[in-house]
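There are 2 protein chains.
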Amino acid sequence: MTYSLAGVDIKAGERAVDLIREHARSTFGPETLSEIGSFGALFAPDLTGISEPVLVSSADGVGTKLKLASMTGVHDTVGADLVNHCIDDIITTGARPLFMLDYISTGALSPEIVGEIVKGMVGACRESGVSLIGGETAEMPGFYSPGDYDLAGFIVGVVDRTNIVTGENIQPGDKLIGLKSNGLHTNGYTLARRVLFDHAKLEPSTNVDELGCNVGEALMRVHISYAGVVKAAVNVLGKDLKGMAHITGGGIRGNLSRIIPDGMVAHVNPSAWTAPPIFSFIQNKGDIAEAEMYRAFNMGIGYIIVVSEEKATDILKLEGAREHGATIIGEVRNLAGTKSVDSAPQNAKASVSKVSILNIDN
Amino acid sequence: MTYSLAGVDIKAGERAVDLIREHARSTFGPETLSEIGSFGALFAPDLTGISEPVLVSSADGVGTKLKLASMTGVHDTVGADLVNHCIDDIITTGARPLFMLDYISTGALSPEIVGEIVKGMVGACRESGVSLIGGETAEMPGFYSPGDYDLAGFIVGVVDRTNIVTGENIQPGDKLIGLKSNGLHTNGYTLARRVLFDHAKLEPSTNVDELGCNVGEALMRVHISYAGVVKAAVNVLGKDLKGMAHITGGGIRGNLSRIIPDGMVAHVNPSAWTAPPIFSFIQNKGDIAEAEMYRAFNMGIGYIIVVSEEKATDILKLEGAREHGATIIGEVRNLAGTKSVDSAPQNAKASVSKVSILNIDN
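Each protein sequence line maps, in turn, to chains X and L.
When we follow this note's numbering, the leftmost residue of the first sequence carries the number 1, and every step to the right adds one.
When we follow this note's numbering, the leftmost residue of the second sequence carries the number 1001, and every step to the right adds one.
It is worth saying that the hints were derived from the structure and are not from the lab.
Heads up, some of the hints might be wrong.
List time: in silico DSSO-like cross-link candidates among lysine-lysine, alpha-carbon distance up to 27 Å [unchecked claim]:
hint	chain 1	residue 1	chain 2	residue 2
1	X	K11	L	K1285
2	L	K1119	X	K67
3	X	K285	L	K1011
4	L	K1119	L	K1180
5	X	K311	X	K239
Looking from chain L toward chain X, a few residues come up when the C-beta cut is under 7 Å (computed) [what the hints assert, rightly or not]:
hint	residue
6	F1039
7	A1044
8	P1172
9	V1195
10	A1272
11	P1276
12	G1286
Selected chain X positions facing chain L (Cβ under 8 Å, derived; list incomplete) [unchecked claim]:
hint	residue
13	H199
14	H246
15	R295
All residues carry an ideal CB built from backbone N, CA and C; glycine is no exception.
Please model the entire structure based on the sequences and the hints provided.
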């Protein structure tokens, strides 16, 4: 018996690592000290102007959007999805994203597919100034169906302790600025696939007039990185930028509620924006209730910035704001029945009742 | 159609996150700023005495040892395996491990199994002073067989730039100190499972006299964390500690070769230590060639420290050295045929021919 007879192809692994190294090197900057392949990836963060550095990190996957990659044979976009999902998570604290590591796991390693995934990651990393400094490629015979793989990302950023954006200074009257998504981003794919492929018997290649493209293209649109416009907002608004939420699993309600203080409710008005047609297409094909749609999907809003009433229009003029369709989608109010923030029930923290979506909840 | 009918159990996800939060909180220290559940995990590293902080990071999995967890129903040990594998990777640079994040992916989420995995991670984190500050739990219907899951870990540590251990100062005459493993750690499980279960038709519950336990127990032994003894070695030896290698996939040769400078060869003498009986058991059952064994497995050495000849015996007296069976297992020599390091071929870098294992290679 040998290792390769048992199903582990060391040569394929080495070819994959070579491809990764070649691509990833293009993301290295002056802060990157070592090449991929040593036991640990070394990164010397430029801490100029930061008095008390706080590291902000996140681990994420792209969920069953990976099935779309297998179905369509397109593997670079899920790499970009992963990077941008990770970036959008940590920039909610005001952090500058520094570096990423990836984990790719599959039954039988295809260096070519790994190369495509990494190409997508590298493109997204370069776009947002993030270094791809390491990762793990695991060959796990017996764990995945042929063509399937799993993909996880890990990101680290840095923020000065005094500048961390938490949401704790959010007040009644603050405005909600929505930044548009271009589709499902990385959430709700299990439901979407069930509805469109299992139930409605469509194929990724099915052209749909109302989508202006085929089903696969509409579902595969790359998760948007909001790093550029968020960096501008942080720099320009300072303390008038009160809080930020990345709209992922759990939708607007599940994510915005994480930053709304006790005793307040964020009122969201869906008529303030137009969602991409993929959402109504899925809803109609699956006969899905409106409230369920808002639980499973971002419904056209990928990121929300909470800003003081006075500065709400300033943010709309920032570089990148128009590109991301920045618009006021609602405001923060006192919880009905409470006289002030001080008298709010303590157990309201992290409750989804902190977000009210007009015509959905009432 | 609803999200839960499509196969995503949001309630199970929330229960899993509650369990993780409860366990993980016990690993938090004064450097941990936020609780799990926000968009990014916040960690304020204590940089006292570090003039130029360098972050050292790694991404790892535990490979198909996960199949053993499914077969035996024991899920806490693979959590500990993951943490200790990650720790042992980054401490090779001399770094202090700071924090970890995990990625758990499964077809249908079992909060109880996730709780067990996290319990194992938390125990290992506490043992080595690492905070488990975040992670992602992904439910991916259609990706995994019932009972299967994938598991990845991401770790970050810090080291002062002037104190990074690279191996570049390794010289002929330096000694190799081996720290013993207690079994396969996290590598070679695809081969081991093929030989013992598919080929020899054993079960995890099969008792084997020469192993002193059943097959499952011998294969499931937890990857050792060498953080304690390595920290002591770094503190005591200073610049006499020349390089360190974590023996993972690729075995002694594949990993030790990463730190040996051009023009030198590390000569390893396997008679210097006794490997746990699981290795000869697998070898006999699978009729595996000796060289193949050294490629697929750590063969009883989990970590190697390269130290100056003068200080080689000092390391054997360190706290934890005896516990880990520290012993001199070889030495570094000039590459035969080269007169000095300066005349060495440049293309020898990262070549496995930089390691010679007595009676295996010659």
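Verification of the hints:
| no. | hint | result |
| --- | --- | --- |
| 1 | X:K11 / L:K1285 | 25 Å, holds |
| 2 | L:K1119 / X:K67 | 31 Å, violated |
| 3 | X:K285 / L:K1011 | 25 Å, holds |
| 4 | L:K1119 / L:K1180 | 25 Å, holds |
| 5 | X:K311 / X:K239 | 10 Å, holds |
| 6 | F1039 | 4 Å, holds |
| 7 | A1044 | 5 Å, holds |
| 8 | P1172 | 22 Å, violated |
| 9 | V1195 | 5 Å, holds |
| 10 | A1272 | 23 Å, violated |
| 11 | P1276 | 19 Å, violated |
| 12 | G1286 | 4 Å, holds |
| 13 | H199 | 7 Å, holds |
| 14 | H246 | 6 Å, holds |
| 15 | R295 | 6 Å, holds |
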